[in-house]
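Colleague: Protein chains in written order, with the UniProt record's numbering: chain A, 1 to 416; chain B, 1 to 214; chain C, 1 to 1016; chain D, 1 to 119.
The set of hints was computed from the structure by calculation and includes no laboratory data.
Keep in mind that the hints are not guaranteed to be accurate.
[Claimed, not checked] Here are the simulated DSS-like pairs of lysine-lysine, each with C-alpha atoms no more than 27 angstroms apart in a straight line:
id : chain 1 : residue 1 : chain 2 : residue 2
1  : A       : K53       : C       : K134
2  : C       : K57       : A       : K268
3  : C       : K901      : C       : K708
4  : D       : K21       : B       : K172
5  : C       : K658      : A       : K268
6  : C       : K588      : A       : K65
7  : C       : K148      : A       : K268
8  : A       : K11       : C       : K121
9  : C       : K908      : A       : K268
10 : C       : K30       : A       : K11
11 : A       : K164      : C       : K658
12 : C       : K721      : D       : K99
13 : A       : K164      : C       : K657
14 : D       : K21       : A       : K246
15 : D       : K99       : C       : K657
16 : A       : K11       : C       : K57
17 : C       : K908      : D       : K99
18 : D       : K21       : A       : K31
19 : C       : K645      : A       : K164
20 : B       : K172      : A       : K164
21 : C       : K645      : B       : K172
22 : C       : K148      : A       : K11
23 : A       : K268      : C       : K30
24 : A       : K268      : C       : K152
[Stated by the list, open to error] Between beta-carbon pairs, the in silico distance windows are:
id : chain 1 : residue 1 : chain 2 : residue 2 : range
25 : B       : H156      : A       : P169      : 35 to 43 angstroms
26 : A       : E207      : C       : K588      : 55 to 63 angstroms
27 : D       : E11       : C       : A710      : 42 to 50 angstroms
28 : C       : K847      : B       : G35       : 50 to 58 angstroms
29 : B       : H156      : C       : E707      : 18 to 26 angstroms
30 : B       : H156      : C       : K30       : 33 to 41 angstroms
Every residue, glycine too, gets a C-beta built ideally from N, C-alpha and C.
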Amino acid sequence: MQRYSGFGLVKHALSHHENWERQWRNPTPKKQYDVIIVGGGGHGLATAYYLAKEHGITNVAVVEKGWLGGGNTARNTTIVRSNYLWDESAALYEHAMTLWEGLSRDLNYNVMFSQRGVMNLGHTLQDMRDIQRRVNANRLNGIDGEVLTPERIQEIVPIMDCSKNARYPILGASWQPRAGVARHDAVAWGYARAADALGVDLLQNTEVTGFKIRDGRVFGVHTNRGDIEAKTVGCVAAGNSGVLAKLAGFRLPIESHPLQALVSEPLKPVLDTVVMSNHVHGYISQTDKGDLVIGAGIDGYNGYGQRGSYPTVQHTLQAIVEMFPIFSRVRMNRQWGGIVDTCPDACPILSKTPVKGLFFNCGWGTGGFKATPGSGHVFAWTLARGKTHPLAAPFSIDRFHSGALVDEHGAAGVAH
Amino acid sequence: MSDPVATTAFDTRPDTSVPTESPLAWSYHETGCPGVSQKSRVVLRERAMLGHLILRGGAIALDEALREVLGLALPARPGGLNHDSEGVRSIQWLSPDEWLVIVPGGEAFALEQRLRNALGGAHYAIVDVSGGQTLIELEGEAARELLMKSTPYDVHPANFPVGKGVTTVFAKATAIVRRPTEDRWELVVRRSFADYCYRWLLDAGEEYGVGVEA
Amino acid sequence: MSQSLKQPNRLREGGRIDRSHTLHFTFNGKRYLGHAGDTLASALLANGVDIVNRSFKYSRPRGIVAAGPEEPNALVQLGSTEAAQVPNVRATQQALFDGLTAQSTNGWPNVQRDVMSLVGKLGGRFMPPGFYYKTFMAPASLWMTYEKYIRKGAGLGRSPMVPDPDVYDHLNQHCDVLVVGAGPAGLAAALTAARSGARVILCDEQEEMGGSLLDSRELLDNQPADQWVAQVLEELARLDNVTLLARTTANGYHDHHFVTLHERRTEHLGETAPVVDDYRPSRSRMHHVRAGQVLLATGAHERPLVYANNDVPGNLLAGAVSTYIRRYGVVPGNRLVLSTSNDHAYRAALDWFDAGREVVAIADARRAPDGDLVAQARERGIRIIEGAAVLEAKGSTRVSGVRVATIDAAAFKVTGQAETLACDTIASSGGYSPVIHLASHTGARPSWNDEILGFVPGLVKGVHAAGSARGIHDLAAGLADGVAMAARALETLGMTSRAIELPQIDTRREGAACGLYQVPHEKPTLRAPKQFVDPQNDVTAAGVELATREGFESIEHIKRYTAMGFGTDQGKLGNINGMAIAARCLNKSIPEVGTTVFRPNYTPVTFGAIVGRHCRERFDPERYTALHQWHVENGAEFEDVGQWKRPWYFPTIVNGKKETMHEAVARECRAVREKVGILDASTLGKIDIQGPDAREFLGRIYTNKWEKLAVGRARYGLMCKDDGMVTDDGVTTCLADNHFLMTTTTGGAAAILEWLELWHQTEWPELNVTFTSVTDHWATMTITGPEARKLLAEISDIDLDRERFKFMDWRAGKVAGVPARVFRISFTGELTYEINVQANYAMHVWKTLFTHGETYGLTPYGTETMHVLRAEKGFIIVGQDTDGSVTPEDLGMQWCVGYDKPYSWVGKRALSRSDTRRDGRKQLVGLRPKDPAVVLEEGAQIVLDPDHPVPVPMVGHVTSSYYSPTLDSGFALAVVKGGHQRMGETVYLPMADGKTHAAEIVSPIFVDPKGERQHV
Amino acid sequence: MFHIYCPYCEELREEEEFHPKGQAHIARPVDPEACSDEEWGDYLFFRDNPRGIHHELWVHAVGCRKFFNITRNTVSYEILETYRMGEQPRFTAGHPEGKPAEQVAAEAEAVSRQEGVKA
């Protein structure tokens, strides 16, 4: 793999950039692999990378029906945080956070992970109870965080309306300084390049049309480019997980919903942190290019159309202008939608399935991007050993039968 | 009262005169009433303290009872709104088994009693909701445009003839929108949302010089 | 302030501007003149302003390229005051008004001499696409420092820093046919639909309707085209089934023909909406249109050619040149070279020539151009260089010349010797892309059409494209297409279309265009001077090529790697060229490279317009009870509970000082425990339930039993979802045998009503029962405390004898002369009467209670005191002491679970799942802090071993915690793993400040554990 | 934003008046106590989540308050039909163009005879 560095950049500039290598190959599918990963988004690519790097399993194919990182990786609002309520989710997301902190160097690809802090606002007394509960739990779990007063919030974000005149005045916030944002596309590309360099075949425009299953065991997949065999198959297909499960002959406790986001036109820097409000329902940060990136809510119906309903966007902008009245004259450039796979308890599924050798990693709902490295790391371990990683154990499909849900709705409301 | 536990029907109106407050009392106090002037292209008027009854049950039995008691037919079609000849008593379709009757204040309990007598053993329910909602009239050339600002429902005459009423979204609340006559519209709003709706109407109606007839 | 009073590029006559009406404006601190009818862009060009901005990445000087929404460069900051600032206004779409103040968004110290340009010049080559990803990695900790500097260069315009003085609103519209675009096809379509009696909305984004007809060279019925426009508009304006919306952009096409139209109502009048008669109209208005059928007559955007230095000011689109000359009377230069791949662009040269300025040459990429416009150019003696194109522009702040050579477009080669021509303006045209954006919003994929060398829109049912928007660029054919498409739309609606007579137009012969996107250069693309594809994001042909070399082969990857199309113009100018370059590099055809997906908005829309009037006090409704005024007048502080404003506490003035919440709550609590307090409980949800099966229904939906509840009695009930988790609670009263009144939590009212309906309508339709919300009908006043009976007795005719009106009974009677239902239920543990009267009489009853209450120390209290009092009794608040993972058994409420009810009620089955049966579930307990002065933090986590290293195992958390004036100590409710078995154990609560509190697990009932006080 | 035909109000209404309530035709097991944990979990949580034709339950919350079903394509979002509780869809994954009316009637008849299955 061609090493990237500032020095290298200068060297290439002098040769008119004619000598850059491909970041990844465009290989022809082999007949057989040790492991097939279905889904070439951030999670799938990370899984492939860690399989190769940590477990020495390099005979791996990532099968992607479109382009790498073209699903929710390309469509989210890039927020990374780990201040989840329950021990199980906090451990998983904190595992991801630790990996985030070294990711650019590990991949030799600057994913622009920017720890500019994430603030979750509270507008009601119950919001504040929930915030205190979560921050206290985070602290005892070793995750950074504090509860901010409105005065402190105003210091950190001077442009926010922290007055009592707001319809739902801000009563406080949780604050995770290590949290922040990353450059979403770069995460997919960085993992893709690093995995490819270790020998992983990244098969784009390759759609899985079925699973080869015999005696309750998977031994490969059918694709539009022919059959590919492997004794271990991991599905990491986010919104399309339900469709894959159906092909494998079972159902999941998952529904795919539209989740929308939007950006403003680029503005001179005006907002340095990430501000989220579950109560008035909007969250916002500003990219290095100057766009305000704004996340809207989930639409209540199922949808694979990568678009949602207009009122959802309207309500979100109302919330944003409620928090930041100065943005009223700022203009919205573009909106789009992703397909989020949501579980009833707002937690993921990292699990064996009724089919031996077939594993699913899905149900991340609105929390997928921030989990990318952790999800891939834990899932690679699971695929490599054929048994569930301890951090993944609470997230098995079985919990929907036993009732042992990890209910993040409790304190996170809608967890983005 | 003799019966310590009243029967299902319960007259909530005092027989002596006690002070009452309409759902908009706070709004009049806090927000005030912009006057009606030459420039007013829309005028609001609250018809407070009317009797509002919800009827539930089968259309056939209710229709018969209503004709007998009120001389009014039950609107069978969705969105139907029938008025008596004086135009003061009305019945509106709300759902396939639910209707709203609005009568002058003070008539509601007697009407309920008479309906119960007429309905006998039929399956039905009558619920007095007089304290829970109020009626606001809108009149004037800009009334329809004011409604267009407020509700996503199509209020164009082609879609909203006289004698229609629908429950729909009103700004961020809910309201029943009715068209009793060619020039007059009615909103039936819930008490707790009345102030919000009132302030919304004044704000949205400022463009039309909205006035309030107190 | 310097000023320029000449408009050197303004023609003496012609155009649609009003020369008698002169307007003043300021750009980058300099004053200029323009005319009514100008856009900011036309006025700047009239004044000979070349540089309007600096580019984003390389800080290159940029000028105006286009005349419409595809303009990538001329983005300005508008506004003379802080409040009026608008970032990133496109000068080509901003009507000039008197006093307009604008400045370039980039450039320091100014746009003419920008120090960053040095960085761009020297460093540009070190900033290929994706350079961020390849560097700034070491050391990791320094990225934030690098980023700080990178961010300094971010953004175009700036946000205002004070709130917006303007207002915005929405109008909900419905129509049979929505016609987007009032050019030839749109006008013909609208007229057809209108005459046929359909409800029609016609919108157009420009200041005037007419589209390309406003600068057309063609005659309609032997009259200038704009006269036909005027006739049609006059007729449409007269018809009351037509709504005409000028200055209105269809910015988003949503599902089922819901289209948002953004009408700029005052942006042409001033920087804020002008106030007339104390009334400030909305600055802009969003029309929410639900259309039966939609006709997209959105026209086409011209594609520029991609050649070296094509971003130097003085490079314009050919069509823009014509527009500026014919519509605004502005010739944006003196000596023109036109580079074209088609006939249509010849208009620019003809218009230029006819305006009396020099056309140096036309470089036509076709070998033997042959059409009527070509002939007209030849007639004028204009030099046409066949088979050639402009390879490169010369000049830095303004075009000074061009290098032209013959090329082989297919082989992507320069075939001849380049010739240098002196000029100051280059007009280019690489063909016309139908405006497919709105159709693309619907999710339908466009398809490539080789005939027109462009994408034509994919169309979902009910959407029709007409005219240029589907590649029919010929005027007569476009008009006819408008009529035909309108007829098709009307037919779908079941309406008969009435034909209209179309104007007579002389046929014009046009030669075939050739496909030309990037113009070859003698040097390979990576070594040639920069050839811009997307000037706004400084995306070059070399950048696109580099991306493909690095393995980015999907067009989406290329766009993302280079940022192509991510600007505020969403790639209107550059996307197709970029795709063509990618196709060349990848050796594929354009359609093989892929289509491009456009998203709303078509052009950017102010947040305010989307928000409308739903801001500030109207952001969310505030719901009030019938007693709200009294609460306000008596100094209540309010708590937001759902949408309700509930009194939180009632501070009084003691010794000239307002009580703190703590003081007020202590006083209110004592009043209830010692005398009598009063709470406005009207916000509780109330559902009237009637029917012979009402009791059966209650038994199925509640966890506990209802079959024996007698008339006159009330009972507490708990509701679960079918997963066994508690979802709501409340008291339900038996009014008559088939008639119940259910109360729900304040926040749960609407959801529970829907919940009941869900079960009734989908699972148990055989049950004869109805549900009606009566929340707002009844006002509920709770008087509670030892003196409650005496107080009530003074103003009620109800027999309050403790034997005849027992705890959990209700009675009807009169209170203060008003018919009331009085419930003897208690949420405080004290003797309590809940008085329910029709809300219109509530204020009278409430005030009467106070008239009589003084003797008894009647004290109003709010939600905070209510919480303290109920927590002292161990009564839960659903949503505070529960969180969706708590069963009735976890709460220790087995007494409220009918295990042996015959019907498997909602939630029952789930209680026997393995996880709900296991030991060690979190259970509700009381906590007594070892230090009575400590009030534990709500949300504090509970541990068994405070010295355990991080991560510290947690066994539960505090759900409710207060100071109890009755106990004179802090106390709390908590959920603790296996808590019911841990009574008496000590647990620890390590806090953020480093302190660790110890507490004892106790029963959750702190006051009156036997419950005697409520029975007195 | 969807435009939804309410089969009770008998007209098209705006999506804002409705709430989606998930997959349609999920009947509560007739005898919950006889269900295994797995069966109960399936009923509570497991869903078809199809890409394409989907039957879903909606309620006309701001309107007639009636629940009804919608057959909708989850990719194009096109609504193929709406129908009342107790009725069966004409458009299904197996019949994307719609079943003949007689077949629908016969199926509805068959379903209505099954006790306890109203959803």
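Colleague: Could you run down the list of hints and mark each one as holding or not?
Modeller: Against the structure, the hints come out as follows:
The straight-line distance between the Cα atoms of K53 of chain A and K134 of chain C is roughly 21 angstroms, inside the 27 angstroms bound, and the hint therefore holds. A threshold of 27 angstroms between alpha carbons decides the hint, and for K57 of chain C with K268 of chain A the separation of about 14 angstroms falls inside it, so the pair holds. Between the alpha carbons of K901 of chain C and K708 of chain C the distance comes to roughly 12 angstroms, so the proposed pair stays at or under 27 angstroms and holds. Proposed proximity of K21 of chain D and K172 of chain B is supported: the alpha carbons are some 21 angstroms apart, at most 27 angstroms.
As the CA atoms of K658 of chain C and K268 of chain A are separated by approximately 45 angstroms, the hinted pair breaks the 27 angstroms bound. With a C-alpha separation of about 20 angstroms, the suggested pair K588 of chain C and K65 of chain A falls inside the 27 angstroms cut-off, and the hint holds. Restraint check for K148 of chain C and K268 of chain A: satisfied, since their Cα atoms lie roughly 13 angstroms apart, inside the 27 angstroms limit. As the CA atoms of K11 of chain A and K121 of chain C are separated by approximately 17 angstroms, the hinted pair is consistent with the 27 angstroms bound.
For the hint pairing K908 of chain C with K268 of chain A, the CA-to-CA distance comes to about 57 angstroms; that exceeds 27 angstroms, so the pair is violated. For the given pair, K30 of chain C sits about 44 angstroms from K11 of chain A by alpha-carbon distance, which is inconsistent with the 27 angstroms threshold. A C-alpha spacing of about 18 angstroms is found between K164 of chain A and K658 of chain C, which places the hinted pair at or below 27 angstroms, so the restraint holds. Annotation: proposed proximity of K721 of chain C to K99 of chain D is violated, straight-line Cα distance about 36 angstroms (limit 27 angstroms).
Annotation: proposed proximity of K164 of chain A to K657 of chain C holds, straight-line Cα distance about 21 angstroms (limit 27 angstroms). Restraint check for K21 of chain D and K246 of chain A: satisfied, since their Cα atoms lie roughly 22 angstroms apart, inside the 27 angstroms limit. Restraint check for K99 of chain D and K657 of chain C: the C-alpha separation of about 76 angstroms exceeds 27 angstroms, so the hint is violated. In summary, the hint linking K11 of chain A to K57 of chain C is supported, as the alpha carbons are separated by about 21 angstroms, within the 27 angstroms threshold.
As the CA atoms of K908 of chain C and K99 of chain D are separated by approximately 39 angstroms, the hinted pair breaks the 27 angstroms bound. About 44 angstroms separates the Cα atoms of K21 of chain D and K31 of chain A, which puts this hinted pair outside 27 angstroms; it is violated. Distance check on the hinted pair: K645 of chain C and K164 of chain A sit about 14 angstroms apart at the alpha-carbon level, within 27 angstroms; holds. With a C-alpha separation of about 22 angstroms, the suggested pair K172 of chain B and K164 of chain A falls inside the 27 angstroms cut-off, and the hint holds.
Proposed proximity of K645 of chain C and K172 of chain B is supported: the alpha carbons are some 16 angstroms apart, at most 27 angstroms. For a cut-off of 27 angstroms, the pair hint linking K148 of chain C to K11 of chain A stands: about 25 angstroms separates their Cα positions. A hinted pair counts as satisfied when its Cα atoms are at most 27 angstroms apart, and K268 of chain A with K30 of chain C qualifies at roughly 23 angstroms. For the proposed pair K268 of chain A and K152 of chain C, the alpha carbon gap of about 8 angstroms is at most 27 angstroms, so the pair holds.
A beta carbon spacing of about 41 angstroms between H156 of chain B and P169 of chain A agrees with the range 35 to 43 angstroms that was offered as a hint. Separated by about 20 angstroms at the C-beta atoms, E207 of chain A and K588 of chain C break the suggested range of 55 to 63 angstroms. A C-beta distance of roughly 45 angstroms is found between E11 of chain D and A710 of chain C, which places it inside the suggested range of 42 to 50 angstroms. Under the hint 50 to 58 angstroms, the C-beta atoms of K847 of chain C and G35 of chain B, about 30 angstroms apart, miss the expected range.
Restraint check, H156 of chain B to E707 of chain C: a C-beta distance of roughly 53 angstroms breaks the suggested window 18 to 26 angstroms. In this structure the supplied range 33 to 41 angstroms is violated for H156 of chain B paired with K30 of chain C, their Cβ-Cβ distance being about 50 angstroms.
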